[in-house]
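Trainee: For the sequence shown, our numbering gives the first residue as 1, with consecutive numbering after it.
Simulated from the structure, these hints should not be mistaken for lab results. Hints are not guaranteed to be accurate.
Simulated crosslink set (EDC-like; lysine to aspartate or glutamate; CA at most 20 Å straight-line) [as the list claims (entries may be wrong)]:
1. 52 - 85
2. 339 - 22
3. 437 - 455
4. 465 - 34
5. 377 - 85
6. 21 - 352
7. 177 - 305
8. 464 - 118
9. 26 - 305
10. 473 - 107
11. 303 - 107
12. 310 - 283
13. 459 - 438
Computed beta-carbon distance windows for the label pairs [as the list claims (entries may be wrong)]:
14. 465 - 144: 37 to 47 Å
15. 409 - 433: 51 to 61 Å
16. 160 - 180: 16 to 26 Å
Glycine included, every Cβ here is placed at the ideal spot set by N, Cα and C.
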Amino acid sequence: MKKNDITLNNLQGLFPKSLTKDQRAKAQTIFLKELSRSAHAFYGGKMMTIPKAGLYGFNWFNVWYTPGVSIVSTTIRDNYDASFELSNRGNLVAVVSDSTRVLGDGDVTPSGGLGVMEGKAFLMKYLAGIDATAICVDSRNEKGANDPDKIIEFVKMLQPSFGAVNLEDISQPNCYKVLDTLRETCDIPVWHDDAQGTGCVTLAGLINALKVVGKDLGKVRIVMLGAGASNTTIARLILKAGGDPHKMVIFDTKGSLHKKREDIKADLRFYRKWELCEQTNPDCAESMEIAVKGADVFIALSKSDPNTLKPAWIKAMGPKAIVFACANTVPEIYPHVAKEAGAMVVATGRGDFPNQVNNSLGFPGILKGALIVRARKVTDEMAIEAAYSIARNAEKRGLSPDYIVPTMEEDIYPTLATDVAMQAIKDGVARRTLTAKEVYNHTKKSIKEARELIDLMMKKEFIKKPPMQLINKALKAAITAVK
């Protein structure tokens, strides 16, 4: 690593060449975690609140607050939609979680999710110019059980202050009831990023991966490992986009999903899983060995362990196999192992490997498009259109086995926001009608202003540069741990 280089643009170059591929992959994970902990401590978190209006003399407090602000209150009282124009509500998202299913760490207590929720807010601001607030709630009832109704009631109560809600890291089966109830009862978009976001971006990656290998979505055989909020929504969107349910087999921790799974049928909380039991795997194939034989696609969102997806399963798949191993923080199989087993296209959720199928490609642009036209919800059609928009952005640059989706560095968000906004208008869920050019220019301007503000704060050292010793300490810990 170059002296005083804090960009981290070359993660591979940080580690000694003497490390094996497996050691290097493990070291990268340890390094990023150690650096994250020390960097969060250095800054005291990632987000803060600053005014967007100026103070040109102390009498302006009488404009921004009492008595002048009274007219804002009465205007909104008489015209509900004026709240989007006279406050920051029209560009404000609540990132809500009970922190019961955080990344690969599970239940980390309500406050344990703050780092992730602030991270979502950070991404929204930098990538799409959206203001967002991290809100971690205690959803436990008097018996200590996490109660979905408490989250539902909480979100309903806070919606007058926000333009949209991003649900995050809520464990199943609660996540199903929370999302489906709020989508239909709130008058602002309620988006579950672990479900709809992951489904949208995975569909985008699959669309392009199939183009790379020359196969058709309606004809491929798909095996899925994991049946939580992410994979069940991925499956639902794939089927809605044209996938064949008779060519899909999904596995949870107890086996494959099929119409004979009485345990799922008996628990009404898992209704989304039961829907897939009825739709997919008509032959009731129960073993992974049978399911993977000749399969075209393997999508795993299950266990954060690189030994979860067996190389033998990939070897049994058909030619030009596609493998998505997207568990966080460690994929179910490392990309180099999957390719050695015969996979042609491999994707993970990690930015330090090729083909990062990550929600950050979707939710900033999707929510921005919904906010701009003041949508009342994000429909499945909007999510599918977003997937095709993401896929088109990558295709313009030229697809390859190591490039099926854009990266966060590419300027995809204005186009994505525009495509989503136009679909919202088409679906009849938008409060206002704008042209594609208006949405595009608005998004472009928001992103430019947000990034210039952050750059200016860094330049003026209101945001201080982290000391190199944080990086060096994390690097040393990672190398020591894998040797």
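Trainee: Indicate, hint by hint, whether the structure satisfies it.
Mentor: Cross-check of the supplied hints:
1. 52 - 85: holds, 14 Å
2. 339 - 22: holds, 14 Å
3. 437 - 455: violated, 27 Å
4. 465 - 34: holds, 17 Å
5. 377 - 85: holds, 19 Å
6. 21 - 352: This hinted pair holds, its Cα atoms lying about 13 Å apart.
7. 177 - 305: Given pair residue 177, residue 305 is violated - Cα atoms ~29 Å apart, limit 20 Å.
8. 464 - 118: Between residue 464 and residue 118 the Cα gap is close to 18 Å, so the pair holds against 20 Å.
9. 26 - 305: holds, 11 Å
10. 473 - 107: Violated, at roughly 28 Å.
11. 303 - 107: holds, 15 Å
12. 310 - 283: violated, 23 Å
13. 459 - 438: violated, 31 Å
14. 465 - 144: 37 to 47 Å: With a Cβ separation near 44 Å, residue 465 and residue 144 satisfy 37 to 47 Å, so the hint holds.
15. 409 - 433: 51 to 61 Å: Hint violated: Cβ distance 32 Å, outside 51 to 61 Å.
16. 160 - 180: 16 to 26 Å: holds, 22 Å
This entry does not satisfy hints 3, 7, 10, 12, 13 and 15, going by the numbered hints stated previously.
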